[in-house]
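J.: One letter stands for each residue in the lines below.
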Amino acid sequence: MTKIIGSKDIISHIRSGMTIGIGGWGSRRKPMSLVRELLKSDVEDLTIVSYGGPDVGMLCSAKKVKKLIFGFVSMETTPLESHFRKARQEGSIEVMELDEGLLQFGLIAAGMRLPFFTTRVGLGSDILSLNPEIKTISSPYKDNETLVAMPAIELDVALIHVHESDDLGNTFIYGPDLFIDDKFVRASSKTFISTERIIKTDEIDKNKSMFNWFERSLVTGVIESPYGAHPTAATPNYGFDKEHLSNYSKATDQIEWEAYFENYISLDHESYLKAVGGKDHITSLEVPVF
Amino acid sequence: MEKPSYTLSELCICAASEAWRDGGEVLATGIGLIPRLAASLAKMTHSPELMMTDGEAYLVSEPVPVGPRDNYQPKIEGYMNYSRVFLNIGIGHRHAMTGPVQMDKYGQTNISFIGDNHLSPKAQLLGARGFPGNTINHTNSMFFPNHNNRCFVGNEVDMVSGVGYNPSKKLKGMKSEFINLGLIISNLSVMDFKGPNNQIQVKSLHPGVEIQEVIDNTGFELLHDKYVVTPTPSNEQLSIIRDFLDPHNLREQALPDRSDK
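Protein chains in written order, with my numbering: chain A, 1 to 290; chain B, 1001 to 1261.
Honestly, the hints are just simulated from the structure, not real lab data. Each residue gets a CB set at the ideal place from its N, CA and C atoms; glycine is no exception. Incorrect hints may appear among the rest.
[Said to hold, decoys possible] Computed cross-link-like contacts, EDC-like style, restricted to lysine to aspartate or glutamate with a CA-CA straight-line distance of at most 20 Å:
#, chain 1, residue 1, chain 2, residue 2
1, A, 86, B, 1116
2, A, 142, B, 1156
3, B, 1122, A, 90
4, B, 1170, A, 76
5, B, 1169, A, 196
6, B, 1170, A, 90
7, B, 1169, B, 1156
8, B, 1175, A, 90
[What the hints assert, rightly or not] Sample of chain B residues facing chain A (criterion: CB under 7 Å; computed from the structure):
#, residue
9, 1056
10, 1075
11, 1119
12, 1120
13, 1154
[Said to hold, decoys possible] A short list of chain B residues far from chain A (calculated; beta carbon distances all over 10 Å):
#, residue
14, 1022
15, 1137
16, 1153
17, 1193
18, 1194
19, 1213
20, 1226
21, 1228
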């Protein structure tokens, strides 16, 4: 009952028009090796759900995005994401712009198999006027308060990067922050995990189990992908590659983007790691201090 | 004339730290260098009860210095990852100071995009981030490094990311009692929302600033009938900022001193 698959195998589960959730946060612990598989594939018209960083920017420039559901898109090192900005300013993607918390609430509702999550977040802001599909409701209790009914954000596929996983999908994230990854996993019909390292089930003990944030029944496939978050950070193993991100950030015009695609995205994972400077380079990237 | 012994950034940090005075045991979050230093200074002087993070996922009992930390080890007292921040926001135990791109007379703020067409904005910024949830739930203050008509806009902001006191945005049955806007700190002045019907009023002018300069650089009408001069930093405040919180003087890049002071 092993769930280990090759990275290309995820593409057989992803069809054009699907809704894909991507874990991580900004430039932190993004499943970039899986995102590169998406970029190389011929799927299109995707709805992408993300606390966005270069994952979103690259998918925009590769014309894979029909609609983006987001609370922000930021590179963190440089606050604005140039590829996402270009797509937005050209009007080439549809958006559902949310508050960071509201996005989480939509995922939680989906993960609990509920139609919506009740909150005050969104009231008084343009989140409601820009997204007429988000409705308000009246509390059925005596307060009769007007609240937001944040609709469930149901995902077809979630892509998550972790530090360790066994072949059954018992996963371990050791970074200081899980981010919203567990909510993405629960909101999704299928989840594919890229992992820094595959471990044996009998290596798991009480200490490791404290870092297991969602159960293996939620995991469809596990892909071994050392340094798979590069150029984003996978604290505590390695930091983000500021220089690489800065070069990517400048490559927004068509010719430069095609060159970036050719030099990095078109490669298999081993060749990618060599092209960006090798494993020693990635290991030497300092863990960011905020 | 002898140059004062403090810089504009130091004056603003001290003035901004006042936002957290008497606010109770809340998570003090300063987004951006000056707000972060201001929150840190508040905790190290008048409001030791404040909770604060290391900028990532841990609560610390002492504010973490900005920039390269050398041998400094954060004094961790607890945990505050993003998931928990959203729970903390829900219960309102937080006072954030942010740096919006635009603010209007209602205190509505924007960091999402510039332009009147959200399908293809003139300039896409970050997106609304946590502004809608923060402002409907807990106290918020703002810092503006450049006090001018492009940020203090005459019309409504292009995208209401942060909620303000706009009556036309108040839906029937909506509970707005948790909306609480604190101080507005700029490179020229300190303002608050304590005028009638939350009208924005000038609370103090930074030394050397004339009221006309503030009026000319604000796109909406300000109440300005009782302002004072912004208090200058004390030696204790200056030494905390210079020797401990910001030893690499990153504040000077974030907000250069006024050459005409």
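J.: Each hint needs a verdict: does it hold in this structure or not?
T.: For each hint, the structure was consulted:
{"no.": "1", "hint": "86(A) to 1116(B)", "in the structure": "17 Å, holds"}
{"no.": "2", "hint": "142(A) to 1156(B)", "in the structure": "35 Å, violated"}
{"no.": "3", "hint": "1122(B) to 90(A)", "in the structure": "9 Å, holds"}
{"no.": "4", "hint": "1170(B) to 76(A)", "in the structure": "33 Å, violated"}
{"no.": "5", "hint": "1169(B) to 196(A)", "in the structure": "48 Å, violated"}
{"no.": "6", "hint": "1170(B) to 90(A)", "in the structure": "33 Å, violated"}
{"no.": "7", "hint": "1169(B) to 1156(B)", "in the structure": "11 Å, holds"}
{"no.": "8", "hint": "1175(B) to 90(A)", "in the structure": "38 Å, violated"}
{"no.": "9", "hint": "1056", "in the structure": "5 Å, holds"}
{"no.": "10", "hint": "1075", "in the structure": "15 Å, violated"}
{"no.": "11", "hint": "1119", "in the structure": "5 Å, holds"}
{"no.": "12", "hint": "1120", "in the structure": "3 Å, holds"}
{"no.": "13", "hint": "1154", "in the structure": "18 Å, violated"}
{"no.": "14", "hint": "1022", "in the structure": "25 Å, holds"}
{"no.": "15", "hint": "1137", "in the structure": "7 Å, violated"}
{"no.": "16", "hint": "1153", "in the structure": "14 Å, holds"}
{"no.": "17", "hint": "1193", "in the structure": "15 Å, holds"}
{"no.": "18", "hint": "1194", "in the structure": "20 Å, holds"}
{"no.": "19", "hint": "1213", "in the structure": "29 Å, holds"}
{"no.": "20", "hint": "1226", "in the structure": "29 Å, holds"}
{"no.": "21", "hint": "1228", "in the structure": "32 Å, holds"}
Of the hints listed earlier, those the structure fails to meet are numbers 2, 4, 5, 6, 8, 10, 13 and 15, in rising order.
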